[in-house]
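Chemist: Each chain, written out:
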Amino acid sequence: MTQTVTDRNTQSDSMMADYAIVADWRDFIALTKPGVLRLVVFTGLAGLLAAPGSINPIIGFTAILCITLAAAGAATLNQWYEADIDGIMKRTSKRPLPSGRMDRTSALHFGIGLSALSVFLMGVAVNWLAAGILAFSIFFYAVIYTMWLKPNTPHNIVIGGAAGAFPPVIGWAAVTGDVTALPIILFAIIFIWTPPHFWALALFVEADYSKAGIPMLPVTHGKAETRKQMLGYSVLLLLVTILPWPLGLTGALYGLFATGLSAFFLVLAVQVFRAKQDDAKKMRYEKKLFAYSIIYLFVIFGVLVADRILLGGA
Amino acid sequence: MEQKAQNANSRAQAVEGLAKRESLTPELDVSVGEGRATGQHLNKEESAKVLKAQRARANLMAIGLFCLCILFFMITIVKIGLWG
Numbered sequence: 214m215t216q217t218v219t220d221r222n223t224q225s226d227s228m229m230a231d232y233a234i235v236a237d238w239r240d241f242i243a244l245t246k247p248g249v250l251r252l253v254v255f256t257g258l259a260g261l262l263a264a265p266g267s268i269n270p271i272i273g274f275t276a277i278l279c280i281t282l283a284a285a286g287a288a289t290l291n292q293w294y295e296a297d298i299d300g301i302m303k304r305t306s307k308r309p310l311p312s313g314r315m316d317r318t319s320a321l322h323f324g325i326g327l328s329a330l331s332v333f334l335m336g337v338a339v340n341w342l343a344a345g346i347l348a349f350s351i352f353f354y355a356v357i358y359t360m361w362l363k364p365n366t367p368h369n370i371v372i373g374g375a376a377g378a379f380p381p382v383i384g385w386a387a388v389t390g391d392v393t394a395l396p397i398i399l400f401a402i403i404f405i406w407t408p409p410h411f412w413a414l415a416l417f418v419e420a421d422y423s424k425a426g427i428p429m430l431p432v433t434h435g436k437a438e439t440r441k442q443m444l445g446y447s448v449l450l451l452l453v454t455i456l457p458w459p460l461g462l463t464g465a466l467y468g469l470f471a472t473g474l475s476a477f478f479l480v481l482a483v484q485v486f487r488a489k490q491d492d493a494k495k496m497r498y499e500k501k502l503f504a505y506s507i508i509y510l511f512v513i514f515g516v517l518v519a520d521r522i523l524l525g526g527a
Numbered sequence: 044m045e046q047k048a049q050n051a052n053s054r055a056q057a058v059e060g061l062a063k064r065e066s067l068t069p070e071l072d073v074s075v076g077e078g079r080a081t082g083q084h085l086n087k088e089e090s091a092k093v094l095k096a097q098r099a100r101a102n103l104m105a106i107g108l109f110c111l112c113i114l115f116f117m118i119t120i121v122k123i124g125l126w127g
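Heads up: the protein sequence lines correspond to chains A and B, in order. Quick note: the first sequence uses this note's numbering, first residue 214, plus one each step. Quick note: the second sequence uses this note's numbering, first residue 44, plus one each step.
Bear in mind the hints are in silico, worked out from the structure with no lab data behind them. A few of these clues could be false.
Here are some, though not all, of the chain A residues that point toward chain B, as calculated from beta-carbon distances under 8 Å [claimed, not checked]: (1) 235; (2) 238; (3) 338; (4) 342; (5) 389; (6) 391; (7) 393; (8) 523.
These numbers come from a predicted model, not from an experiment. Beta carbons: idealized from backbone N, C-alpha and C, even for Gly.
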């Protein structure tokens, strides 16, 4: 598989070299996956605000800026490496690299530059624990997930989900200089949320993944097995999300919201499990779960911050 | 099958575009990293487009570096204990 990807990279390089011209700055923005960045920045900010103690506003701003730059750098490196696969998939074929609006070397330099700057700035301005976790999260996403897990195993998104789960831990570490129980639970929430979120998407773009040769679970084990796994992870998500409440790390506000929102997540997962719909155009339950899962994470982290800060939930 | 046809089509369009460019009188020789094979010339319209994109990127880079300088200055102020 790796060999095939390398061959395709070489082919796409030579194809793009013919007609790519100076890339527009908007293409550089597109490389950073702004949609994904919003969630990363928000969860990082939530970790920072939920942490005990205070942080100077300038240092806090710098920490969030570093998380943003690191996520942007990792996303750029992901697009640099997957330019060939993106060209095959309908959903991603309009991105700057597969569409030939930018050359791959510029994207590589941009990605490495952003990543290096973010880690250096975090280390110098905030603390080196946060910088270390930040560097590991970039490495995990760009190398472990993108280059190794994604093209090789249907468990790609299960293990790879860890990459997106680091921001609240980094935000927390930026304030306190250590990592305790609550940031680990916040990590676990995003880690367990990722498979049902991503598999909901994979179910209705399964044909794309299949064409690109990416071994996503619906491609390798079928849609029925994927729906079953999504249900299992949704049950686990309910338990982990509520956990901070009985442990006394948050108050009742968070506990009640987490229970209600996670229960609804589970209801949608049950609907997906029972749907057994194979036509990608008609997968309304899967699309509904995918959309809800994004709102879910925003609200859970928002309520967590409100509980910890405004109401002194801890 | 459809993807192959699309690829072949875009490839043909690219080759056609290059053939047209080569037939034009060279106005400006701009070689852009790996994005363009060296030694190919741009017509007036393309030169203007390239320069516009370069100018926009240079301006943004300048703004970004300026903001970074301000940020470093403010971080220094905080670190030496003059604020907070």
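Chemist: The structure should be examined with respect to each hint, and the outcome stated for every one.
Modeler: Hint-by-hint comparison with the structure:
Of the supplied interface hints, the one on residue 235(A) holds, with its beta-carbon coming within about 4 Å of a beta-carbon of chain B, less than 8 Å. Because the smallest distance between the Cβ of residue 238(A) and any Cβ of chain B comes to about 5 Å, under 8 Å, the interface hint for this residue holds. Contact between residue 338(A) and chain B, as hinted, is supported at the beta carbon level, the nearest pair being about 5 Å apart and thus within 8 Å. With a cut of 8 Å, the hint placing residue 342(A) at the interface with chain B is violated, because the nearest CB-to-CB distance is about 17 Å.
Contact between residue 389(A) and chain B, as hinted, is not supported at the beta carbon level, the nearest pair being about 17 Å apart and thus beyond 8 Å. Using the Cβ-Cβ criterion of 8 Å, the hint placing residue 391(A) at the interface with chain B is not satisfied: the shortest such distance is roughly 20 Å. Interface hint at residue 393(A): violated, since its Cβ lies 24 Å from the closest Cβ of chain B, which is beyond the 8 Å cut-off. Here the hint on residue 523(A) is broken, as its CB sits about 22 Å from the closest CB of chain B, past 8 Å.
When the structure is compared with the earlier hints, violations turn up for hints 4, 5, 6, 7 and 8 and for no others.
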